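Asks: Note that the protein sequences, when read in sequence, are chains X and H. Quick note: the first sequence uses this note's numbering, first residue 1, plus one each step. Quick note: the second sequence uses this note's numbering, first residue 1, plus one each step.
Where hints are given, some of them may not hold.
For the chain X half of the interface with chain H, some residues (derived, Cβ under 8 Å), not all of them [to be verified]:
1) Y134
2) S162
3) S164
4) V171
5) L172
6) L174
7) I176
8) V212
9) A217
10) T224
11) V225
To be clear, the hints were calculated from the coordinates, so they are not data collected in a lab. Note that the structure is predicted; figures quoted are calculated from it, not measured. For glycine and all other residues, C-beta sits at the position ideal for the given N, C-alpha and C.
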Amino acid sequence: MIDPQIWRATRAIFVREWRSELRNRQALNAVALFAICSVVTVSLGLGPLMRSTEVGLVHAAFVWVILLFAAFTALSRVFVVEEEQRTAAALRLAAPPIAVYLGKLCFNLVLLLGLTILVTVLAIVLLNIRVGAYDLLIGMLLSGALALVAGTTLVAAIIARSSSRGALFAVLSLPILIPMLVTAVRGTALAFAGVSWERGMAPIQTLLAYAVAMFVASLFLFATVWE
Amino acid sequence: MALRKGDGVKIFLGLWIAAVIYSMFLVVPQYVGLGDAGRIIIVHVPVAWITSAAFFLSAIYSIIYLWKRNPTSDVAAVAAAEVGTLYCIFATITGSIFAEVVWGTFWNWDPRETSILVLLLIYAAYFALRSSVDDSERRRRLAAVYNIFAAVTMPFLLFVAPRVADSTLHPNCAFLQGSKCEGVSLSLSGAKIGQLGDVVIELKSLTKTDDLTQATIEVRMPGMKNVATLIPTLDSAGKPADRPEFPGQQFRMVLLEADATAGTVRVNMQAPGTNLLSNPRTLWVFLASNLGFLALAFWLYQIRRTILQVQLTLTPGEMNI
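The task is simple: from the sequences and hints, build the whole structure.
Replies: Next comes the structure, spelled out in structure tokens:
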């Protein structure tokens, strides 16, 4: 049974993250603008080629590449800010490591889900994507976002404690994320093509299994990074 | 001056590897259909699995480091990762050469190719992380955490993602008999289009004469490099007869089953001469190569581990790798 104090601390950190973010809106502004610019650039640059409904896999790949790079911009901030503003030591004293991890993970998840909605809606409109199975697409994006957050939050904590933070986050995250990216791209293409849930379940199950494995590993390892 | 025991082992290992290389070119028979290119398997396969083993060993030592916090375990993890990186580069190069000869391209994002590239990226990231943390204790700790975290993703990369993605040319179905690769089923009235590895195939027609069942199949090679029509056949006993070659590749298309009434076929991709290791000379050279490259990896690991250990003893905070 998990100590209720951990839940309280987790909730407090989650709320604190949002308060802090809404005060300066650094991540929200930068990431939302990045996502919008990326989709518009792809639509403008590739023109009619990308507006064809025959290129489901290419559409899916673009959606996930944009989400990935937006995530690289946004998700590392939660720990980097603590080190930059020198608040990490106070946070160490105020809350147990597991609560810090869970609070930051929840914040990243909500941020990424918002970003996913923005990118997907924009991509559907600007790239003229015909979605065959909306329910499957939602399932795929949800499980993909979970996997992406589970795979990057611990890496964000690692790079916050190194000297070259920005570049290192992408370098460390990408190899870890490739299995989930391959699966998410294929799965999203299937959702665009409108396959049945039966066929679309395999990628969702893989993404959820990946998310659970990375989440459990992170729970075990986070205290070591945070000490 | 008498040779020391260690020198004797080194000379023996050198001679062993030299004998493996010699045998690879001059003792092993040509692999039917692949010619001299098939010889590279003797080196490629051992090097590739030792890469994975080194990565696994490095992750184990990282776990031990986090448990005991003894820098010696970190030294062992680094040494294993370094040997793994060297072997990983070698496996990637030999694999690319083989891919160019057999598939007509150095790189075609086959799931196995992707996994070896990711392994290389993980090693690179591991060393990049180590070089960007100044404090030695923190460097060891963070590198160990990353190493373990990356190891958790490997089962997904090696076993799960390739199965969710398209079928691969790699996992033995193209090379060795007795594999479980079942090929692709196509139907004139249903799913006409399928995929064999990277090749898109489309069933155009199916005809039956007295002694042959003939399928007309259009194949589109990766990147639309070549489009061709192949006509594999099945004899009256239900055994594959004509096995046409894929354009620009040394693989053949084989018709495994055909039902002219229902308009359904099952086709697969085969190397013309299967059962590479059934030749005793090839099998023994392959086993000797595995032993030789494993011993070489162990030797390199011991050398590197000793050097790093000395460095750690002399300057405890300066092991900046």
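Asks: Which hint numbers doesn't this structure obey?
Replies: Of the numbered hints given earlier, those the structure breaks are 1 and 8, listed in rising order.
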